[in-house]
Structure formats: C-alpha cells, structure tokens
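Q: When you line the sequence shown up against this note's numbering, it's residues 4 to 681, in that order.
What the hints contain is simulated information worked out from the structure, not anything from laboratory work. C-beta: ideal position from N, C-alpha, C; glycine also. There could be a bad hint or two in this list.
Mimicking SDA-like on lysine to any residue, the simulated pairs with C-alpha atoms at most 25 Å apart in a straight line are [as the list claims (entries may be wrong)]:
{"id": "1", "residue 1": "Lys-265", "residue 2": "Asp-419"}
{"id": "2", "residue 1": "Lys-265", "residue 2": "Gln-376"}
{"id": "3", "residue 1": "Lys-463", "residue 2": "Arg-565"}
{"id": "4", "residue 1": "Lys-95", "residue 2": "Ser-538"}
{"id": "5", "residue 1": "Lys-449", "residue 2": "Ala-514"}
{"id": "6", "residue 1": "Lys-591", "residue 2": "Ala-326"}
Computed beta-carbon distance windows for the label pairs [to be verified]:
{"id": "7", "residue 1": "Phe-369", "residue 2": "Tyr-119", "range": "49 to 57 Å"}
{"id": "8", "residue 1": "Glu-516", "residue 2": "Arg-322", "range": "27 to 35 Å"}
{"id": "9", "residue 1": "Leu-252", "residue 2": "Asn-156", "range": "41 to 49 Å"}
{"id": "10", "residue 1": "Asn-461", "residue 2": "Val-303", "range": "35 to 43 Å"}
{"id": "11", "residue 1": "Gln-549", "residue 2": "Asp-399", "range": "18 to 26 Å"}
{"id": "12", "residue 1": "Gln-376", "residue 2": "Gln-100", "range": "52 to 60 Å"}
{"id": "13", "residue 1": "Asp-266", "residue 2": "Glu-508", "range": "40 to 48 Å"}
{"id": "14", "residue 1": "Leu-245", "residue 2": "Ala-514", "range": "15 to 23 Å"}
{"id": "15", "residue 1": "Lys-591", "residue 2": "Gln-376", "range": "39 to 47 Å"}
{"id": "16", "residue 1": "Ala-502", "residue 2": "Asn-461", "range": "32 to 40 Å"}
{"id": "17", "residue 1": "Asn-584", "residue 2": "Ala-273", "range": "30 to 38 Å"}
{"id": "18", "residue 1": "Asp-586", "residue 2": "Pro-406", "range": "48 to 56 Å"}
{"id": "19", "residue 1": "Gln-100", "residue 2": "Lys-334", "range": "36 to 44 Å"}
{"id": "20", "residue 1": "Gln-549", "residue 2": "Ala-233", "range": "47 to 55 Å"}
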Amino acid sequence: MAGRGKKKDNGRKPKRKGGGSWRQRHGLLLDVAKWGLVATVWSFFLGLCFVGWLAYDLPDVSRLNEIEHKPSVTLLAADGSILASYGDLYGKTVTLQELPGYLPQAVIATEDRRFYSHFGLDLRGLARAVYVNLRSGGWVQGGSTITQQLAKNVFLTPARTLRRKGQEVLLALWLEHNFTKDQLLELYLNRVYFGAGTYGVDAASHRYFGKPASEVTRYEAALLAGLLKAPSRYSPFNDRDLAEARAKLVLGNMVAADYMTKDEADAVAAEGFGHNTPARSGPLGQYFADWVLDQLPGFVGYSDRDLVVTTTLDPVLQRQAEAKLTEIFMKEGPPQDASEAALVSMTPEGAVKAMVGGLDYGNSQFNRATQAQRQPGSAFKPFLFLTAFENGFDPDSHFTDAPISIGNWKPDNYNDRYYGDVTLREAFARSLNSVAAQLIQRVGPKRVAQTAERLGINSKLMATPSLALGTSEVNLLEMTGAYAVFANRGEGVWPYAIAEVRDREGTLLYAREGSGPGRIVAPRYVLEMQDIMSSVIEWGTGKAAQIGRPEAGKTGTTQDYRDAWFIGYTAELVTGVWVGNDDGHPMKKVAGSGLPVKIWQGFMAAALDKELPRPLPWPGGNEPLVAGVPDGTADTASNDASSGTIVAPDPVTAAKETGNDSFANFIERLVNQRDNKK
4 MAGRGKKKDN GRKPKRKGGG SWRQRHGLLL DVAKWGLVAT VWSFFLGLCF VGWLAYDLPD
64 VSRLNEIEHK PSVTLLAADG SILASYGDLY GKTVTLQELP GYLPQAVIAT EDRRFYSHFG
124 LDLRGLARAV YVNLRSGGWV QGGSTITQQL AKNVFLTPAR TLRRKGQEVL LALWLEHNFT
184 KDQLLELYLN RVYFGAGTYG VDAASHRYFG KPASEVTRYE AALLAGLLKA PSRYSPFNDR
244 DLAEARAKLV LGNMVAADYM TKDEADAVAA EGFGHNTPAR SGPLGQYFAD WVLDQLPGFV
304 GYSDRDLVVT TTLDPVLQRQ AEAKLTEIFM KEGPPQDASE AALVSMTPEG AVKAMVGGLD
364 YGNSQFNRAT QAQRQPGSAF KPFLFLTAFE NGFDPDSHFT DAPISIGNWK PDNYNDRYYG
424 DVTLREAFAR SLNSVAAQLI QRVGPKRVAQ TAERLGINSK LMATPSLALG TSEVNLLEMT
484 GAYAVFANRG EGVWPYAIAE VRDREGTLLY AREGSGPGRI VAPRYVLEMQ DIMSSVIEWG
544 TGKAAQIGRP EAGKTGTTQD YRDAWFIGYT AELVTGVWVG NDDGHPMKKV AGSGLPVKIW
604 QGFMAAALDK ELPRPLPWPG GNEPLVAGVP DGTADTASND ASSGTIVAPD PVTAAKETGN
664 DSFANFIERL VNQRDNKK
C-alpha cells in the first residue's frame, strides 16, 4: 500500500519542461539563416546579372571629353546680333573660374541643391520625387542629380525606361568616382542643352544675350538656369513673360540655398534684363540668311569647323523692310490681283542691308529677290540711255515722240499718249517707249546689252530692239546692284552680304577686301544719268516716291501688267522693289508708278527718318553736268547700211577722248575678257 503512490522508474530521463519548443525555435532559426543565405547569394547573383545586363552595352566612357556634333554655322547681323544658326551650336569651353560665381550657384540651387554633399545619387531628393509622383498619379518631379543629368546628356538617350535609368545610375557612380565635383559641374555647364540650338552655357549666353557667359548679369544667370527644365517653354524668344516668371523662381531658389538674401533677389528681379533685352520677334531676314548660306562654300569651302559669319544685314532696316512691304502690300496688293512682292536695299558700295524675298517665308522659301527671273520693263532703260550718252547724246538731245514701227514691232506709250518734240530727259522721266525704240535703233541693241553686262547684269540678254523696253529677264538683286553704280560715283558694284568668316575659336578664315571692279562709268555720264533719273522723281512717273531729300530712280512696267518695278537711290541707300505674281498672270493695272513706288517710299522714309538729307554723290572730275552735243549731231550722223543704226564712237575711244585713260584701259580689259570667254 505504501508503494502505490510511487511511480515506476523505467530508466528514462524525465522530460524537461518546454524542451520541444526550444528545439523547434532553434531549427526555425537555422532554416531562416540557411534560406536567408541562399536568398542573399541568389540576390547577389541576380544583382550581378542585372548590373551586367545594364552594363554590357554601356557607351565608351573614354569619349567623355569629346564633343560629337555636326559643324554649325552662325550668321551674325552687322551689329553682332545672331541672325540665324544652323547645326548644333557649342560655345567656348569655360571653367568655373571664368564664370561669375552666381551662374553655377543659380544652376545648383535649381537643379541639385545637395550637389556637393551627395555621392552621385540624392536619396532624399529621389524619395521626395517618388512621393510627389505617387500622390499626383503621374510623372511630375524628377530626382536626377546634376551627375545623373551629365551621364544622360553625354552617354545616353532621353528615353524613360528602367534600363536607361539603371545605366544612368551606374554612370553617375563612375563619374563621381573619377572626377571632382568642380570638374563634374564644369562638364555639365559646357554640355547641357539650353534651347535655341545651343549646347553649353557660353553658346547660350551668346545666343540669348549676345555676349560670353563670363559677362552675364545675375538676372541673366537666373534665366539661363531656368531654361534647363524646359528650354523651349521658358525661352525668352518664345514667351518672355513665362521666362521672367521662371527666372524669379530661380532667384527664390538661390535665396533658399543661402546664395543671396531676399532683398538682393528682389533687387535683381526688379532690374530684369536692363538694356540687353532678348528679341521677342520671330526669325529675321530668313530669305537673306538662306542666300548667305548658299554662298558660304564659295568663300571657305566645305568646312568641318563651326563657322561664325558676320553679314552686312542691318536688323533695324530689315524689320522696317519686312513691316512696310507687308503693311502696304496687304492693303493694296490683293485688290489689284497681286500676290507677291520683293525688296532689296543696299549701300551704294553694294553691302546688302535688307532683303525681303516674299510675303511669307513659311509658305514659300523661293527668294524672289535673287532667284526670280522677270522682265524689268522700263526699269531697264537706264542702260539704254547710258549707252546713248556714252555714244554722243545728252539729256537735252531732241527726239520726236510719235507712233513708230520697227518691222512687226510697234511699241506704244502708256495710255497711247504722245508728246511730240521732247528731250531725252523728258522721254526718260515720262518713260516714253517710242523714243526708247528710236534710241536703241541709233546706238544698237548689242551695245546696250554690253552696257548692262558691264554694270553687273549677269542674266542672259537678247540683243534685239525690244531690249529697250526690258524684255529680257533679270532678277531684282542684280538690277539693284547695277543702279548702285550711279549712286557709287560710277564705281562698279558687286552686291555682297558676307563681311568676314571666322571659326568658333576666332581664327579669321575670310575678310572682305576692296570695294569692286573700280570705275566703269565716267563721271560725266554719271552726272547725266543722275540728271534724268532725278527728273523721274521730281516730275516724272516716280513722283510718289518723294521723301524730302535728293533721290533718283526709274519705274518699270511690263506688258499686260505682269511685273511692276521701282528702283531708286539716295546718298545712303539703293533700293529695288518688284511686285507681281509667281505664275506670271497679269495684275489689274499695277504699274511701277503705283504699288512698287508706294512700298519704296514707305520703306525709305522709315529707313532714313533720322538721317539728315544729303545731296546725291558727286562723281568728281572736271566735266560739266550736261555735255552739249553740237546741233544736228543726232540727226546728221551717217547710217550703218547693214543695221540701220548710227555709227557712234566706241566707249573706249570716247573715254580716251575725255582724258580718262584708266577708265579706257579698264573697259578694254573687260571687252577682252568677254571676247576670250566667247
């Protein structure tokens, strides 16, 4: 009984309380450790694979300092402002020491405020960007650092893919490991895109402000920094108000980054652009720019260097030309069934200051000032009358204005009105076609064609009697250049647009020298031409061109009013205007004395508004204004039996008789050159 309460000892050790649970926990920890190790190994392996996938086709990092781009051409107006640019524009490579301190500060404050403290990735900025994007449900904010942006701009594409982003991170880490922060910032500032075709802060500064990056103001620095987020949107050329708002935001960022005080930022914002305001207008002188670009290979060949071309264009005159032509033409052109117009204005020496090749460059790039070949009508008569003066006639020579027939050709006057006995001065001023027809019969069509070629007409001319009325096609540029000879005291004129060409480093590749071929019209005949051409504006067909100063010119109208011209000059400018239709269909009685004269007068009045009136250029020499021809000379000269024209002195002989040997020698050389070419 006493042993009932004892438990039988079977030789086994008693179980410890809780022992099974401890082994289970221990085993679980071992399993976790084992599988954790496996996961770590696999994660490391997969991570290596992912990195390998990202890196296997990474670009060659050795080309970091290479800039690969197509050669660019920058066209500058005469005042140094940028007229047009072609290709990728890279400015001078600048160091941080060359830049004002506030320029890189503006970039850092706006693009990457912790640039000098992170290791290439800004984890705080990245987390903030993720949070903002998740809340907005779209891509609103980016977390890229300046280093990441540099990696993307130099090596990668802008595509927003996981692989591209991963490669960006790898390259950013590599850049941070191999370069100092200052070096990275310099690389970024010299390579990032600032809009308007410019890469790098120096190119952008030249493009927007016309000066190097080392000279920008604080406000300009803020504007440049503001461009980086969206260059086109914040461009002062596209939307000045938006650009100014963005610049003020950058100034606020600089205050937040302790780069300036709020009072300083307010003062800079109030100052704004100062006197160096970026242009807000659209592209200027596009027809002119195309014309220059076409000529450039003839001056420097086909270069693989970036070129900077200084042109002759005057931005003020160009804007006035575009504005006046459009304003006057759009008011009066369409009602008269005219659809196009062109204008060229140059100095008497041939420097083209303004060119309008059509009403709308966006609609048609065909340049009607340089490419269109049209009949000039009576605007061609100066070459006829100059030939006559060089062959014995003068402005006071008398002709009978009456109906005339030359074979089957019966030229008539405007409105069939005839004036009887007239001088050549009156015949020119009133543009009497019957007298012109008689005159070309006297001097010969071939001589008239040679005179026109001597003055710069390069288009093919048909040496027939109808040449007197301008039936051979020419272009506006060469006609205006030929008239410039009279404004240039008889010196030959080659219209030009390129003053000099340099490469991006400033090396001079071409500079214009000289002013033309020298004297090609003797002073005596220049004065006689000024006499009759001034009469056109004083009391002839060009009276509406008067602008209150000495001026000379000639109107021209072709058959059925297909073309209307006026070309005239003052002491300062020679300007030609053409009006017509591209397909050549007739206008509703648009004569040279109408719409072309109005456009010329409107432009010239605006262009010379601030200029004091000056007399027309005096050609010099001791010859009288009017070289009197002995009575009866024009009527008694013997006829050429084969041609029916008067045998007059050769221009070389006439020049020698006036004592102008250098002029005679020059003409003789021209004749020999022409004959050799033939």
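Q: All the hints need checking, so say for each whether the structure fits it.
A: The hints, checked one at a time:
1. Taken as a hint, the Lys-265 and Asp-419 pair is broken in the structure, with Cα atoms around 80 Å apart against an allowance of 25 Å.
2. For the hint pairing Lys-265 with Gln-376, the CA-to-CA distance comes to about 63 Å; that exceeds 25 Å, so the pair is violated.
3. Only pairs whose Cα atoms come within 25 Å are accepted, and Lys-463 paired with Arg-565 is accepted, the gap being roughly 20 Å.
4. Between Lys-95 and Ser-538 the alpha-carbon distance is near 55 Å, which puts this suggested pair outside the 25 Å criterion.
5. Under the criterion of a C-alpha separation no larger than 25 Å, the hint pairing Lys-449 with Ala-514 is inconsistent with the structure, at around 37 Å.
6. Pair hint Lys-591 plus Ala-326 holds up; C-alpha atoms about 24 Å apart against a cutoff of 25 Å.
7. Between Phe-369 and Tyr-119 the CB atoms are about 56 Å apart, so this pair conforms to the stated range of 49 to 57 Å.
8. Checked against the given bound of 27 to 35 Å, the beta carbons of Glu-516 and Arg-322, roughly 30 Å apart, stay inside it.
9. Checked against the given bound of 41 to 49 Å, the beta carbons of Leu-252 and Asn-156, roughly 22 Å apart, lie outside it.
10. For the pair Asn-461 and Val-303, the beta carbons lie near 23 Å from each other, so the given range of 35 to 43 Å is not met.
11. At roughly 24 Å, the beta carbons of Gln-549 and Asp-399 sit within the given window of 18 to 26 Å.
12. Range check, Gln-376 to Gln-100: about 57 Å between beta-carbon atoms, so the 52 to 60 Å window is met.
13. Distance hint for Asp-266 and Glu-508: a CB-CB separation of about 42 Å, consistent with the stated range 40 to 48 Å.
14. Our hint of 15 to 23 Å for Leu-245 and Ala-514 is violated, since their Cβ atoms are close to 41 Å apart.
15. Distance hint for Lys-591 and Gln-376: a CB-CB separation of about 23 Å, inconsistent with the stated range 39 to 47 Å.
16. Range check, Ala-502 to Asn-461: Cβ separation about 22 Å, and the 32 to 40 Å hint is violated.
17. Checked against the given bound of 30 to 38 Å, the beta carbons of Asn-584 and Ala-273, roughly 53 Å apart, lie outside it.
18. Between Asp-586 and Pro-406 the beta carbon distance is about 33 Å. The supplied range of 48 to 56 Å is therefore violated.
19. Checked against the hint of 36 to 44 Å, the C-beta distance between Gln-100 and Lys-334 comes to roughly 57 Å, which is inconsistent with it.
20. Look at Gln-549 against Ala-233: about 52 Å separates their beta carbons, and that is inside 47 to 55 Å.
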